[in-house]
Every structure is written in structure tokens, then in C-alpha cells.
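Novice: What follows is each chain in one-letter form.
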Amino acid sequence: MSSPVYRMSTNNRLWHNHSGFMLLTLCPLLAVSNSVVKSLGLGLVTLAVLAGSSLLVSLLRHQLSQATRLLIIVMLVAALTSCAEFFLQAYTFKLYQSLGLFVPLIATNYMLFDRADNFASTHQLLPALLEAMMKGATFMLLLLVLGAIREVLATGALFANMDQLLPDAASWKVQVLHNTSPFLLASVPAGALLLLGFLIALKNMIDKYLTPVSSVVAVEPVAGSRRVRVTGKIV
Amino acid sequence: MSNAPASKGFVKAMIHNSLRLAAFALGSAVLLVFADNLTKDQIAHQRLESRRQLLNQVLPPSLHDNDLPGAGFQLDPVKTDFSQISLLGLSAPRSGYRANLKGTASGVVLPLETSEGYGGPIVLMIGIAADGSITGVRVVEHSETPGLGSQIDIEQSQWITGFHQHSLADTPAGKWRVKMDGGNFDQFVGATITPRAVVGAVYGALLFFEANKSALLTAADQQGAL
Numbered sequence: 010m011s012s013p014v015y016r017m018s019t020n021n022r023l024w025h026n027h028s029g030f031m032l033l034t035l036c037p038l039l040a041v042s043n044s045v046v047k048s049l050g051l052g053l054v055t056l057a058v059l060a061g062s063s064l065l066v067s068l069l070r071h072q073l074s075q076a077t078r079l080l081i082i083v084m085l086v087a088a089l090t091s092c093a094e095f096f097l098q099a100y101t102f103k104l105y106q107s108l109g110l111f112v113p114l115i116a117t118n119y120m121l122f123d124r125a126d127n128f129a130s131t132h133q134l135l136p137a138l139l140e141a142m143m144k145g146a147t148f149m150l151l152l153l154v155l156g157a158i159r160e161v162l163a164t165g166a167l168f169a170n171m172d173q174l175l176p177d178a179a180s181w182k183v184q185v186l187h188n189t190s191p192f193l194l195a196s197v198p199a200g201a202l203l204l205l206g207f208l209i210a211l212k213n214m215i216d217k218y219l220t221p222v223s224s225v226v227a228v229e230p231v232a233g234s235r236r237v238r239v240t241g242k243i244v
Numbered sequence: 002m003s004n005a006p007a008s009k010g011f012v013k014a015m016i017h018n019s020l021r022l023a024a025f026a027l028g029s030a031v032l033l034v035f036a037d038n039l040t041k042d043q044i045a046h047q048r049l050e051s052r053r054q055l056l057n058q059v060l061p062p063s064l065h066d067n068d069l070p071g072a073g074f075q076l077d078p079v080k081t082d083f084s085q086i087s088l089l090g091l092s093a094p095r096s097g098y099r100a101n102l103k104g105t106a107s108g109v110v111l112p113l114e115t116s117e118g119y120g121g122p123i124v125l126m127i128g129i130a131a132d133g134s135i136t137g138v139r140v141v142e143h144s145e146t147p148g149l150g151s152q153i154d155i156e157q158s159q160w161i162t163g164f165h166q167h168s169l170a171d172t173p174a175g176k177w178r179v180k181m182d183g184g185n186f187d188q189f190v191g192a193t194i195t196p197r198a199v200v201g202a203v204y205g206a207l208l209f210f211e212a213n214k215s216a217l218l219t220a221a222d223q224q225g226a227l
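So the protein sequences, as listed, match chains A and B. Heads up: the first sequence begins at 10 in my numbering, then just goes up one per residue. Heads up: the second sequence begins at 2 in my numbering, then just goes up one per residue.
If we strip away everything but chain A, and leave its shape as in the complex, we get:
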């Protein structure tokens, strides 16, 4: 349970991510990432719920039977999301209003079930927590990159309305581009999809540059595995 697991978490989740994960969390990613403050807000809440659910599932993993595991995980994730919603509403009301439906929709984020079901339910506390943090950090990072680029392109400024999240940050706004007309496409979800495409292409280019082709090998399916692996593993 020691170093290999930790290394796997940091390496695999932070960079060598299944691209499928991005697609499964596409909806909040595209809808919310039009400013840094909204990205950061949703990223933090998702991270908190992800870490909380992984923590609970890992702690209680011996109480979960095969038949009830998924049901219980769904219930825990929903309960934690509701708690997060309460706190967001109580302390960052403006941000809660601008995130709108996407806060409760965190409960439908597949990433959360995936980590709780496929990792936390079979691992000890610390590895499960680290895994969740890394996964959440990736999501937040992606949200932030998209949010920053879109905010600059659409409004010419960066870090506007940061006081919605941090009370003392009202003056953080930086005017990056001057005298430009807003780039409308960047502010709508369609623009976010294009931008995400470019980011994934960039990541693939970096991966290709870093990895010699010969070292990509197919992984033998594990005997008795209930899931079919459809991706190759980069060794």
C-alpha cells in the first residue's frame, strides 16, 4: 500500500488521464468555465465532494457489500453535494447564484462515482484521499485554464468578481487586453468545446513528444475482471 500506489495516483491521474474522464465531466466543464471565479468555485466544490466521498467510502469500505456498494456511494455523494450546496449558499451566495444548477449537478458527475467505486472502496484512507485530491485537482486545473483563457478572450480582463469567493479579493481584477471588442465565441459553451479540443490536442502532442512509440503496449485483460479495458497502458 505504499509508494507504488502513491506514484500511480500522482502520475496517472494528474497527467496520464483517461481522456474519457474529460468527456464524462464535459457538461459542467463547458458550461461554467467562462470566468476564473466560477471555475475556481466549481473546481473547489467538486474537489471537496470528491475528497469527502472518497474518504467516507474508504473508511466504511468493509461495511459495503457487493450488492449495496453503488447505491450507498450514490447516496453519500448526493448527501455531500447537498451539504456543499448549503455551505456555498450560506457563505458565497453570489457565487452560488452564478453557478446555478451546476452545484447540485455535481452529484451526477461520473468522476465521483468512478473514484469512490473503483478506487476508494478497495484502498486505505490515505491512498484513497490522495487519489481523490489528484483527480479533483486535475478537474480544477482544467477548469481554471479554460476559465482564464475564456475570461481574457471574452472580457479582456482576468480575476473579475473574485470577491464572490474571497471577500478581500475585489481588487484582483486585471485588465489584460485593452481596447478590444469582446470575442463572443469564447463566452459561449461552443467556444469552450473548441478550446478544450485544442488543449487536448496540445496535451497529446506533449505526450507524443515525451513517449517513444515502441513503449506503448497493450495490456493483457486480467482474468476474472468484470470490466473490459479499452485503453492501452503507457508503461
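Source of the hints: derived by calculation from the structure; they are not laboratory data. Cβ coordinates follow ideal geometry from the N, Cα and C atoms, glycine included. Do not rely on the hints blindly, as some may be mistaken.
[Said to hold, decoys possible] Residues of chain B placed beyond 10 angstroms of chain A at every Cβ, according to the derived structure: (1) 37; (2) 40; (3) 86.
[What the hints assert, rightly or not] Within a straight-line C-alpha distance of at most 35 angstroms, the following computed DSBU-like cross-link-like pairs (lysine-lysine) qualify: (4) B:214 x B:176; (5) B:180 x B:103; (6) B:41 x A:103; (7) A:103 x B:13; (8) B:41 x B:9; (9) B:80 x B:214; (10) A:103 x B:9; (11) B:80 x B:176; (12) B:13 x B:41; (13) B:41 x B:80; (14) A:212 x A:182; (15) A:182 x B:41.
[Said to hold, decoys possible] Derived coverage of chain A by chain B (criterion: at least 3 residues anywhere in the stretch with Cβ under 8 angstroms from a Cβ of chain B; other residues may be distant): (16) 99 to 111; (17) 190 to 202.
Using the hints, position chain B against chain A.
Specialist: Positioned in the frame of chain A, the structure of chain B alone reads:
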């Protein structure tokens, strides 16, 4: 009879799983009740504060000395408490607010809705002073095109402040239109439908105020009793 032990085991597993599920459900419920209790008051405070801020934007504090959120009254589109309520375009009951200054009615805040927008209903709040002039208009809800129609939102453009001070007295009926239609109010480049909808709704609200002036302002005097 060989399946008797198996079915017994099945029943046992079912009971175990049900109890397990029930225990987790109970735990989740306790967690939620706890979080709710912890944040309830703060959330109520935030909602009230946000409402008060919005109301003070459409009817500045210099024009009233009562607490607007506490002076609400219901405007129900299917009831006939007020004449010509259809002018407000409401699809469901919403609250209006009465303003007092030194004991006399100084104005009213009305909710209004229009379905003439480009992307679904637009919900607005309008403040009207006792003399019939507009003290402020704000968009509460809209789903207009970002960057184009969304400029009706004060966060994005000052356009909505163009209504201030105007009244039925200073702008004749035919001029409550966007400039493109021969009226007095600007449209945006690339978006005419949204401003047209908002101008129409604001005009409707002024007509409603005019038709119910005595009811809206007289009743305001009794609001201490509400």
C-alpha cells in the same frame, strides 16, 4: 428441497443489505440535518440581503425609509385585485414592494415578465416613484445570447439605466420603442429583439402603475399593519 438453505441465505443477505442501506440512509439524513441547521440562518440572511440590495438598486434608499423586503404584497396574474394585471406579463404570482418616505407612499417596486425575448422569458424589477417616473429597472432572470442580448444585464452594460427618470408624462406612447422602431430607446448592435422586449415590458409596467395608482399608493399607507 435442496434449495431451502440457499433461499434461506438469500433472505438473510437481503435483510442484511436492507439494514445496511437503511443505516447509511439514516447516516446521510443526519448529516444533512446537521448541515442544514448549521447554515439555515446564514442562508436566510443572505437571501434577504440579496433581495434588499436588488430592491435598493431599483428604488434608491433616498426615496424610502422603510425596509422594502418587509413591505411585500402579492401580484397574482389570475386574481383581480388590480386592474389590467396582464400588463405585467406575469406567469406566476410574484411580489411587489411598497415604499414609504416619512409616512407617505413614495413609490412601488413591481415585478414584470416578458416572453418576447430571444431566449425565453425575461424577469425584471422596476421601481416607480409616486409621480410616475422610473427610479430603476433591473433584470432578475434572463437567458439571452451572451454578449448580445445579455447586455440588458447591469453587470454587462449600463443600457438598463437609460430608463431612469422617464415616465409616461415625458415620453409619449409612440416613443416607448427602440430607435429602430421609431422610439426613444437604444437597441444594441446585433440585438434588437431583446431591448424591444424590455422596452415593451417597462411600458406595460408604467401603464399598470397608471391604472392602479391609487390602489398601489393608498394601500402603501396601511403597510404598517401588514
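Novice: Is the nearest CB of chain A more than 10 angstroms from the CB of residue 37 (chain B)?
Specialist: violated, 6 angstroms
Novice: Starting from residue 103 (chain A), check that the Cα of residue 13 (chain B) is at most 35 angstroms away, please.
Specialist: Distance ~50 angstroms between residue 103 (chain A) and residue 13 (chain B) Cα, so the pair is violated.
Novice: Is the hinted pair residue 41 (chain B) and residue 9 (chain B) satisfied, with a Cα-Cα distance of at most 35 angstroms?
Specialist: Roughly 47 angstroms between the alpha carbons, so the hint for residue 41 (chain B) and residue 9 (chain B) is violated.
Novice: Starting from residue 103 (chain A), check that the Cα of residue 9 (chain B) is at most 35 angstroms away, please.
Specialist: Since the Cα atoms of residue 103 (chain A) and residue 9 (chain B) sit roughly 56 angstroms apart, the hinted pair is violated (cutoff 35 angstroms).
Novice: Are the Cα atoms of residue 180 (chain B) and residue 103 (chain B) separated by 35 angstroms or less?
Specialist: violated, 39 angstroms
Novice: Are the Cα positions of residue 214 (chain B) and residue 176 (chain B) separated by 35 angstroms at most?
Specialist: Roughly 22 angstroms between the alpha carbons, so the hint for residue 214 (chain B) and residue 176 (chain B) holds.
Novice: Please count how many residues of the region 190 to 202 of chain A have a CB within 8 angstroms of a CB from chain B and say whether that reaches 3.
Specialist: holds (count 4)
Novice: Are residue 13 (chain B) and residue 41 (chain B) close enough, with their CA atoms no more than 35 angstroms apart?
Specialist: violated, 41 angstroms
Novice: So if I understand the rule, the pair passes when the alpha-carbon distance is 35 angstroms or less; does residue 182 (chain A) with residue 41 (chain B) pass?
Specialist: Holds. Residue 182 (chain A) to residue 41 (chain B) sits at ~32 angstroms (cutoff 35 angstroms).
Novice: At 10 angstroms, judged by beta carbons, does residue 86 (chain B) keep clear of chain A as stated?
Specialist: Since the minimum Cβ distance to chain A is about 28 angstroms, residue 86 (chain B) lies beyond 10 angstroms and the statement holds.
Novice: When you check the alpha-carbon spacing of residue 41 (chain B) and residue 80 (chain B), does it fall within 35 angstroms?
Specialist: holds, 33 angstroms
Novice: Under the criterion that the straight-line Cα-Cα distance not exceed 35 angstroms, is the pair residue 80 (chain B), residue 214 (chain B) satisfied?
Specialist: holds, 18 angstroms
The structure is inconsistent with the numbered hints 1, 2, 5, 7, 8, 10, 12, although it conforms to all the rest.
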